[in-house]
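Protein chains in written order, with my numbering: chain A, 55 to 168; chain B, 382 to 496.
Check before you lean on any hint, since a few could be wrong.
As the list claims (entries may be wrong) - Restricting the straight-line Cα-Cα distance to at most 20 Å, the calculated cross-link-like pairs of lysine-lysine (PhoX-like) are:
| id | chain 1 | residue 1 | chain 2 | residue 2 |
| --- | --- | --- | --- | --- |
| 1 | B | LYS423 | B | LYS382 |
| 2 | A | LYS98 | A | LYS125 |
| 3 | A | LYS81 | A | LYS125 |
| 4 | A | LYS98 | A | LYS81 |
| 5 | A | LYS98 | B | LYS382 |
| 6 | A | LYS98 | B | LYS495 |
These aren't lab readings, by the way, just hints derived from the structure by calculation.
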Amino acid sequence: NAGVMQNPRHLVRRRGQEARLRCSPMKGHSHVYWYRQLPEEGLKFMVYLQKENIIDESGMPKERFSAEFPKEGPSILRIQQVVRGDSAAYFCASSWTAQDYGYTFGSGTRLTVV
Amino acid sequence: KQEVTQIPAALSVPEGENLVLNCSFTDSAIYNLQWFRQDPGKGLTSLLLIQSSQREQTSGRLNASLDKSSGRSTLYIAASQPGDSATYLCAVRPTGSGNTGKLIFGQGTTLQVKP
Chain A
55 NAGVMQNPRH LVRRRGQEAR LRCSPMKGHS HVYWYRQLPE EGLKFMVYLQ
105 KENIIDESGM PKERFSAEFP KEGPSILRIQ QVVRGDSAAY FCASSWTAQD
155 YGYTFGSGTR LTVV
Chain B
382 KQEVTQIPAA LSVPEGENLV LNCSFTDSAI YNLQWFRQDP GKGLTSLLLI
432 QSSQREQTSG RLNASLDKSS GRSTLYIAAS QPGDSATYLC AVRPTGSGNT
482 GKLIFGQGTT LQVKP
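Taking the hints into account, I'd like the entire structure generated from these sequences.
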């Protein structure tokens with residue numbers, strides 16, 4: 055069991071480009087969560103997905119950000135027209151159920167916008 | 382609205398000391414509380430998970446307690462080692478309608494253990 059896999063580990067984008075972050079949950083996990091850690095700040099919830107469904111996107115900015123978790127393949131967090139303020143570490147986590155179990159986090163993708 | 386606070390923000394101790402990290406939360410309606418460790422530039426490693434019906438969990442030199450009614454948890458580290466140096470994060474998983482299983486994190490306690 056390889057755990058939660060995120061790629062790339064580091065991503066550099068110029069302002070205005072698109073960033074695509076990938077997350078493969080642990081085997082058997084059908085719940086995926088994305089969190090963002092801005093410099094000198096704590097982790098903040100962004101979005102919660104199950105296969106083919108967005109369950110809660112209350113923490114995700116309304117513009118430029120989108121997420122998906124298709125039936126096949128990894129979950130994708132997409133940031134369009136990136137700005138310097140998007141520079142952060144983006145973490146993905148997966149779990150068995152939405153309630154009773156703990157999370158397993160990936161190693162994160164560190165996005166730098168230049 | 383659930384808020385999680387960790388005190389102190391930073392802590393420096395000599396090797397071998399026993400220490401306690403504190404976490405408080407404002408709403409006792411939680412499924413569980415989880416302690417994580419984060420090394421600089423790295424991801425989060427789960428240390429201990431305490432379900433709302435439990436009082437404590439132990440793993441090696443770590444012991445975490447939960448007092449849900451008072452909204453407090455502590456992480457006790459025995460015989461600290463330089464390798465314990467990291468940021469320790471506390472997170473709760475709220476219950477209730479509209480809470481879809483997301484975690485609410487504290488700001489963390491950055492621990493330095495000096496040889």
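Comparing the hints with the structure gives:
no. : hint                 : in the structure
1   : B:LYS423 to B:LYS382 : violated, 29 Å
2   : A:LYS98 to A:LYS125  : violated, 26 Å
3   : A:LYS81 to A:LYS125  : holds, 14 Å
4   : A:LYS98 to A:LYS81   : violated, 25 Å
5   : A:LYS98 to B:LYS382  : holds, 14 Å
6   : A:LYS98 to B:LYS495  : violated, 31 Å
This entry does not satisfy hints 1, 2, 4 and 6, going by the numbered hints stated previously.
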